[in-house]
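Undergrad: Read off the chains here:
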Amino acid sequence: MTIAVEFSAVSRHYGDGKQIVRAVDNVSIAVAEGEFFSMLGPSGSGKTTCLRLIAGFEQPSTGSIHIFGKNATGSPPYEREVNTVFQDYALFPHMNVLDNVAYGLRVKGVQKSESYKRAEDALTLVALADYGLRKPSQLSGGQRQRVALARALVNKPRVLLLDEPLGALDLKLREQMQLELKTLHRKLGITFIYVTHDQSEALSMSDRVAVFNHGRIEQVDHPRQLYTEPKTSFVADFVGTANVVSGALALQITGNQQPFSIRPEHISILSNSNMANSGIPNVDTVQNQMMQIAGEVVDIQYHGATSKIEFDVHHDAFTQRLMMVLSNTEHTEAQLPQVKQKLMLCWPKSRMVMLETHGND
Amino acid sequence: MMQSVVSSLSTTNTSNKTLRWLANTLYRKDNLFLLLLLTPPLLWFGVVYLGSLFALLWQSFYTFDSFSMLVTPDLTLENYRSLFDATNFDIILRTLDMAVSVTIATALIGFPIAYYMTRYGSPAEKGFFYVAVILPMWASYIVKAYAWTVILSQQGVLYWCIHHLGLMSALNYILQIPNIGGNTLATSNIGRVIVFTYIWLPFMILPIQAALERVPSNLLQASADLGAKPAQTFRKILFPLVFPGVVAGSIFTFSLTLGDYIIPQLVGPSGLFIGTMVYTMQGSVGNIPLAAAFTVVPIILVSIYLAMAKRAGAFDAL
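Protein sequence lines correspond, in order, to chains A and B.
Residue numbering for the first sequence follows the numbering used here, beginning at 36 and increasing consecutively.
Residue numbering for the second sequence follows the numbering used here, beginning at 3 and increasing consecutively.
Treat the hints as calculated values from the structure; they're not laboratory data.
Among the hints, erroneous ones may be present.
25 Å max Cα-Cα, derived DSS-like pairs, lysine-lysine [as the list claims (entries may be wrong)]:
{"id": "1", "chain 1": "A", "residue 1": "Lys170", "chain 2": "B", "residue 2": "Lys238"}
{"id": "2", "chain 1": "A", "residue 1": "Lys207", "chain 2": "A", "residue 2": "Lys343"}
{"id": "3", "chain 1": "A", "residue 1": "Lys191", "chain 2": "B", "residue 2": "Lys238"}
{"id": "4", "chain 1": "A", "residue 1": "Lys147", "chain 2": "B", "residue 2": "Lys231"}
{"id": "5", "chain 1": "B", "residue 1": "Lys19", "chain 2": "B", "residue 2": "Lys31"}
{"id": "6", "chain 1": "A", "residue 1": "Lys152", "chain 2": "A", "residue 2": "Lys170"}
{"id": "7", "chain 1": "A", "residue 1": "Lys152", "chain 2": "B", "residue 2": "Lys238"}
{"id": "8", "chain 1": "A", "residue 1": "Lys147", "chain 2": "B", "residue 2": "Lys238"}
{"id": "9", "chain 1": "B", "residue 1": "Lys231", "chain 2": "A", "residue 2": "Lys191"}
{"id": "10", "chain 1": "A", "residue 1": "Lys170", "chain 2": "B", "residue 2": "Lys312"}
{"id": "11", "chain 1": "B", "residue 1": "Lys231", "chain 2": "A", "residue 2": "Lys105"}
{"id": "12", "chain 1": "A", "residue 1": "Lys191", "chain 2": "A", "residue 2": "Lys217"}
{"id": "13", "chain 1": "B", "residue 1": "Lys238", "chain 2": "A", "residue 2": "Lys143"}
If we take Cβ atoms under 7 Å as the criterion, some of the chain A residues that face chain B in the derived model are [unchecked claim]:
{"id": "14", "residue": "Ala90"}
{"id": "15", "residue": "Phe92"}
{"id": "16", "residue": "Pro112"}
{"id": "17", "residue": "Tyr113"}
{"id": "18", "residue": "Asn118"}
{"id": "19", "residue": "Thr119"}
{"id": "20", "residue": "Phe121"}
{"id": "21", "residue": "Ala125"}
{"id": "22", "residue": "His129"}
{"id": "23", "residue": "Tyr138"}
{"id": "24", "residue": "Gly139"}
{"id": "25", "residue": "Val142"}
{"id": "26", "residue": "Lys143"}
For glycine and all other residues, C-beta sits at the position ideal for the given N, C-alpha and C.
All chains, please: the whole structure from these sequences, using the hints.
TA: Take a look at the structure:
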């Protein structure tokens with residue numbers, strides 16, 4: 036396995052003295068050649084800075100970056116075999132689409148006719164063959180996105196960097212472009228490094244995902260593992276939705292202060308548990324590997340295929356909000372619980388994921 | 003007491019009602035609102051500005067009797083024909099020469115300053131540069147022009163600097179070049195270009211700076227990302243996008259130089275400029291028609307310049 040991009044203890048700091056901002060803090064990753072690698076995180080988590088470090092727009096404060104085994108630390112963007120698709124496309128407004136796409140070839144000294152021919156091919160690849168003579172301002176957002184893609188791909192980069200490329204598109208178009216990007220990745224076989232804050236996008240498209248928080252990597256894993264085996268409470272919460280239980284309640288449930296997460300879809304309502312009577316039994320003992328807890332329905336939200344139900348679990352003076360999801364195909368409206376109804380919730384012990392405790396948040 | 007409060011309330015109520023009725027009417031009929039808004043400036047622009055210009059143009063067709071020194075309203079093209087007389091045409095060429103030189107000089111000096119302001123300056127530095135660029139415009143133009151005659155004179159500070167740097171022979175060599183040089187800096191065309199450049203520089207820097215500010219930095223990054231070296235990025239991306247700003251600035255420096263009549267009198271070799279010619283013709287000579295015809299020259303030159311700039315694609319990126 037060839038490593039396409041490798042970060043060795045890379046940090047990027049801004050400012051100095053007391054006002055130091057650690058945009059990227061001691062990050063080490065290795066992206067394999069041909070991989071679809073996503074960097075996922077909330078805004079300000081350092082994922083875009085990492086991408087800019089690979090592109091060469093920023094230089095690491097400490098640590099080193101290797102691109103295909105070659106030390107790229109300190110080398111300018113124009114000497115790197117990577118190309119970027121920018122978040123807001125960054126198409127040159129004074130050039131038509133064809134000139135935009137041919138730009139990378141022209142500045143590298145490729146003949147005009149040859150570069151136009153290859154630019155035409157790249158535009159065909161993104162299904163914009165007839166748009167060469169238009170100005171970027173005459174295109175829709177989705178079309179600009181494709182031009183930006185063609186402009187990067189025409190240079191045959193070994194690594195394609197995508198900085199939230201679908202962020203400005205509406206939902207339908209975004210889903211369509213996700214599919215096209217995935218197809219393109221399979222077809223070209225080059226490495227894609229994809230920055231996004233959309234966890235479902237990262238899960239559905241990537242071979243591996245790195246989850247960023249506060250400039251650090253929380254976890255790097257395959258999408259399925261990331262979802263089923265989150266290592267930290269941040270990952271559990273950010274990737275999908277999760278009920279993260281910690282502290283006294285965790286102690287009461289598991290006999291251990293260590294936080295754990297349970298996905299909403301794994302919680303179910305105990306069928307014979309109409310707890311209309313007073314004296315709510317709290318956490319129950321372990322029965323057939325099922326955990327049980329009493330809760331009160333606070334809110335029911337209709338989401339089409341599913342309904343989301345929020346519970347309050349009271350424990351001494353303190354209340355924890357839990358969430359569960361019921362399929363609307365298996366439950367009629369009449370079967371859903373009512374607000375303020377008190378119920379017994381349960382979940383299989385095997386679905387609980389123990390989380391690492393660390394001082395990050 | 004109570005009564006008076008109530009009655010005053012009711013009067014404010016009616017005046018409020020009238021105001022509201024007015025506001026609502028203007029809101030509904032926005033053409034009426036636009037008419038109210040635009041009538042004063044359009045009157046000013048139409049009557050005072052264009053009116054005087056057309057009056058001037060009209061007078062350029064009047065006849066000047068050089069014998070009686072009187073202007074008669076007989077229409078003639080004689081004034082325009084006489085623009086092409088050798089002496090008059092020389093004046094036009096001399097002025098045009100200077101306007102082009104000054105425009106090039108201000109662009110060459112202004113661009114790096116504007117570039118530094120936008121791309122490298124911290125907010126504080128940017129503020130400093132703004133003030134530094136604009137501050138000289140607050141001082142009287144005539145004072146600045148006179149100050150330069152002192153600076154450029156043989157006893158002046160510039161000569162002193164050049165002398166102490168041991169560059170007198172270089173200066174003398176440059177001053178010997180025909181058309182550019184002269185006896186001293188103060189009486190040479192170089193001196194005149196220096197003064198014009200100094201005076202008009204803010205008019206070049208500010209439009210370029212505004213144009214640079216409008217270029218998103220990610221376009222420059224995209225260019226570098228696609229393999230363009232900094233010089234290529236400058237030539238193919240930055241300069242074409244900033245060019246409209248350079249053109250806007252050059253319209254100022256070009257037309258201001260074409261019309262100026264003070265600096266040519268104070269600095270540089272003798273010989274009339276369009277501005278000094280107009281000044282002489284309408285003042286001591288009283289030949290308003292020829293003065294008016296001369297006034298048309300810069301208008302035509304700037305129009306030609308704009309047409310050329312448009313053809314060169316200067317406004318494509320706007």
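Undergrad: It remains to establish, for every hint, whether it holds in the given structure.
TA: Verification of the hints:
1. A/Lys170 to B/Lys238: Status holds; Cα separation ~16 Å.
2. A/Lys207 to A/Lys343: holds (23 Å)
3. A/Lys191 to B/Lys238: holds (22 Å)
4. A/Lys147 to B/Lys231: Given that 25 Å is the threshold and the Cα spacing comes to 18 Å, the pair holds.
5. B/Lys19 to B/Lys31: holds (18 Å)
6. A/Lys152 to A/Lys170: holds (18 Å)
7. A/Lys152 to B/Lys238: holds (20 Å)
8. A/Lys147 to B/Lys238: Between A/Lys147 and B/Lys238 the Cα gap is close to 15 Å, so the pair holds against 25 Å.
9. B/Lys231 to A/Lys191: holds (18 Å)
10. A/Lys170 to B/Lys312: holds (18 Å)
11. B/Lys231 to A/Lys105: Distance ~20 Å between B/Lys231 and A/Lys105 Cα, so the pair holds.
12. A/Lys191 to A/Lys217: Roughly 17 Å between the alpha carbons, so the hint for A/Lys191 and A/Lys217 holds.
13. B/Lys238 to A/Lys143: holds (13 Å)
14. Ala90: Result: holds, 6 Å to nearest chain B Cβ.
15. Phe92: This interface hint holds because 5 Å falls under the 7 Å limit.
16. Pro112: Holds. Min distance 4 Å.
17. Tyr113: This hint holds: A/Tyr113 lies near chain B, its Cβ roughly 5 Å from the closest one there, short of 7 Å.
18. Asn118: The hint holds - A/Asn118 has a Cβ within 7 Å of chain B, the shortest such distance being about 6 Å.
19. Thr119: At 5 Å from the nearest chain B Cβ, A/Thr119 passes the 7 Å test, so the hint holds.
20. Phe121: Constraint on A/Phe121 satisfied, holds at 6 Å.
21. Ala125: Cβ of A/Ala125 sits 4 Å from chain B, so the hint holds.
22. His129: holds (4 Å)
23. Tyr138: Status holds, d = 6 Å.
24. Gly139: holds (4 Å)
25. Val142: holds (4 Å)
26. Lys143: Holds: closest Cβ of chain B sits about 5 Å from A/Lys143, inside 7 Å.
Violated hints: none; the structure is consistent with every hint.
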